[in-house]
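Visitor: Chain by chain, the residues run as shown.
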Amino acid sequence: MPTVEDIYRFHNTIKEISKYDFTEYSEKSFARRIEKILVDYRLNMDELLDKITEEKDFLEQIVKDITVNTTELFRDPKVWQAIKHRILAKVKKQGTINIWHAGCSTGQEVYSMLILLTELDLLDRVRIYATDINIDVIEKAKIGEYVYRFNIEYIENFKQVIQVNPYNFEEYNNIPFSKYFEVNKVNDTMTVKPLLKNIVSYHKHDLVCEDNIFKTKFDIILCRNVLIYFNTTLQNKLFKLFSDSLNRKGTLILGIHESILGPISSSFIKYGNYYIKK
Amino acid sequence: MGKYKYVVIGGSAGSFQSVTRILEALPVGYPLTIFLTLHRLKHVRKGFVEALALKSKIKVEEPKDKSPFFQGKAYLAPANYHLYIEPGNTFSLSTEEPVNHSRPSIDLTFESAAYVLKEKLIGIVLSGANRDGAAGLKEVKDNGGFAIVQSIEESQVKTMPETALHLSGTTNEFTTDQIIEFLLKQI
Chain U
6 MPTVEDIYRF HNTIKEISKY DFTEYSEKSF ARRIEKILVD YRLNMDELLD KITEEKDFLE
66 QIVKDITVNT TELFRDPKVW QAIKHRILAK VKKQGTINIW HAGCSTGQEV YSMLILLTEL
126 DLLDRVRIYA TDINIDVIEK AKIGEYVYRF NIEYIENFKQ VIQVNPYNFE EYNNIPFSKY
186 FEVNKVNDTM TVKPLLKNIV SYHKHDLVCE DNIFKTKFDI ILCRNVLIYF NTTLQNKLFK
246 LFSDSLNRKG TLILGIHESI LGPISSSFIK YGNYYIKK
Chain X
-5 MGKYKYVVIG GSAGSFQSVT RILEALPVGY PLTIFLTLHR LKHVRKGFVE ALALKSKIKV
55 EEPKDKSPFF QGKAYLAPAN YHLYIEPGNT FSLSTEEPVN HSRPSIDLTF ESAAYVLKEK
115 LIGIVLSGAN RDGAAGLKEV KDNGGFAIVQ SIEESQVKTM PETALHLSGT TNEFTTDQII
175 EFLLKQI
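If you read the protein sequences in the order shown, they are chains U and X. The first sequence begins at 6 in my numbering and counts up by one. The second sequence begins at -5 in my numbering and counts up by one.
Please note that a few of the clues may not be correct.
[Stated by the list, open to error] Restricting the straight-line Cα-Cα distance to at most 20 Å, the calculated cross-link-like pairs of lysine to aspartate or glutamate (EDC-like) are:
1. X/Lys51 <-> X/Glu175
2. X/Lys58 <-> U/Asp81
3. X/Lys58 <-> U/Glu29
4. U/Lys242 <-> U/Glu32
5. U/Lys69 <-> X/Glu90
[Claimed, not checked] Residues of chain X placed beyond 12 Å of chain U at every Cβ, according to the derived structure:
6. Arg15
7. Val22
8. Leu46
9. Glu113
10. Arg125
11. Lys135
12. Ile146
13. Glu147
14. Thr153
Keep in mind that the hints were calculated from the coordinates and are not lab data. By construction, the Cβ of each residue, glycine as well, lies at the ideal position given by its N, Cα and C atoms.
Based on the sequences and whatever the hints tell you, model everything.
Guide: What follows is the structure, given as structure tokens:
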């Protein structure tokens, strides 16, 4: 494991040579990311610091390596059931619906949302923005092609959200997964069908040092399993950013093990797995 | 209360029974904090904490990210997240790649707990089928904590306790009853 001093040197070097800043990341998981990078590239800390200082591309690669991109289609189906039956049902009545996926990774949750919007016939009334610090994952999100075999739970999640209604057990929608995804077992891929593409506006965005770059306020912000990598100081700063970026009565959706613990919690009302701005 | 104030327990295949017996044996008001990192089948995402809580007299919960931990409570690593102990006595969670094919990784919880809690920590590796927990238990011992491995003879699946025993170099090979007895002595 890199020492506290090693991490300190890493932070200082990054701040000196780039616009990035990792000082407010969660200490233990950040140290673990750096340890993994040192092992994967077979470098010691001095060599790593030299290489990121000398090679701009390598620095960008390291930034990508630090960020974690785990995501899933309809991850935590209960949350998506609430999005469908509670949150979207509510915004249905208004004109334009603005949605921000902050930390969209490879796009699975963006497509989860697009599927729900299609099913609820809201697609022509939304503006969807999706951002990530890592441009590689944004490119993957745009393509929307995922490995099939490791992700079979996507289909199970899809059924739980799209086919059944936990608020009304008599309802059953016979909508097949193939309506939205082309599954190719030979190539081991599932690919988003064209009807969901070209609707989303993707941008590179660093939550740590950038403000709301879209000159608009949002009705729904999703930022799931991103804040866990940040310490409470940075989390509080982002809760403020999200609060400022939401319309009144707008919804903030976090990961199921994330919560607003600091002073900004008084700006929101918590409902199960999501927060409504007061 | 003795010198130990925290207990970190790692288990995999065949450990559920020992874990429930340990939790069942600890009395209401037990003063140490318990961290549990237990592998579970990928599809078993819910119901696990309820199953543990059923027999436990102390409160068992899945911690939220950045929440503080308190005396006399047991905390279970949520399914599909790594659980870290952070300086300042708070948790942090992570969904980074599995370690030793495991998420949660016992090693990551143990290593971070050892780093923060040092000689106040008891580490216990129970039955299991892979090598997870061995490096973590060594860290517990190297940082001045007390390292325990479930008795090889008693363990339903022996790989995990065997590896932990060898790598950590501990001689504390305890049956579940002895683990319970040891934990009760720390009050």
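Visitor: Does each hint fit the structure? Answer for all of them.
Guide: Hints versus structure:
| no. | hint | verdict |
| --- | --- | --- |
| 1 | X/Lys51 <-> X/Glu175 | 16 Å, holds |
| 2 | X/Lys58 <-> U/Asp81 | 15 Å, holds |
| 3 | X/Lys58 <-> U/Glu29 | 19 Å, holds |
| 4 | U/Lys242 <-> U/Glu32 | 17 Å, holds |
| 5 | U/Lys69 <-> X/Glu90 | 13 Å, holds |
| 6 | Arg15 | 27 Å, holds |
| 7 | Val22 | 27 Å, holds |
| 8 | Leu46 | 17 Å, holds |
| 9 | Glu113 | 18 Å, holds |
| 10 | Arg125 | 17 Å, holds |
| 11 | Lys135 | 16 Å, holds |
| 12 | Ile146 | 29 Å, holds |
| 13 | Glu147 | 34 Å, holds |
| 14 | Thr153 | 24 Å, holds |
In summary, the structure agrees with every hint in the numbered list given earlier.
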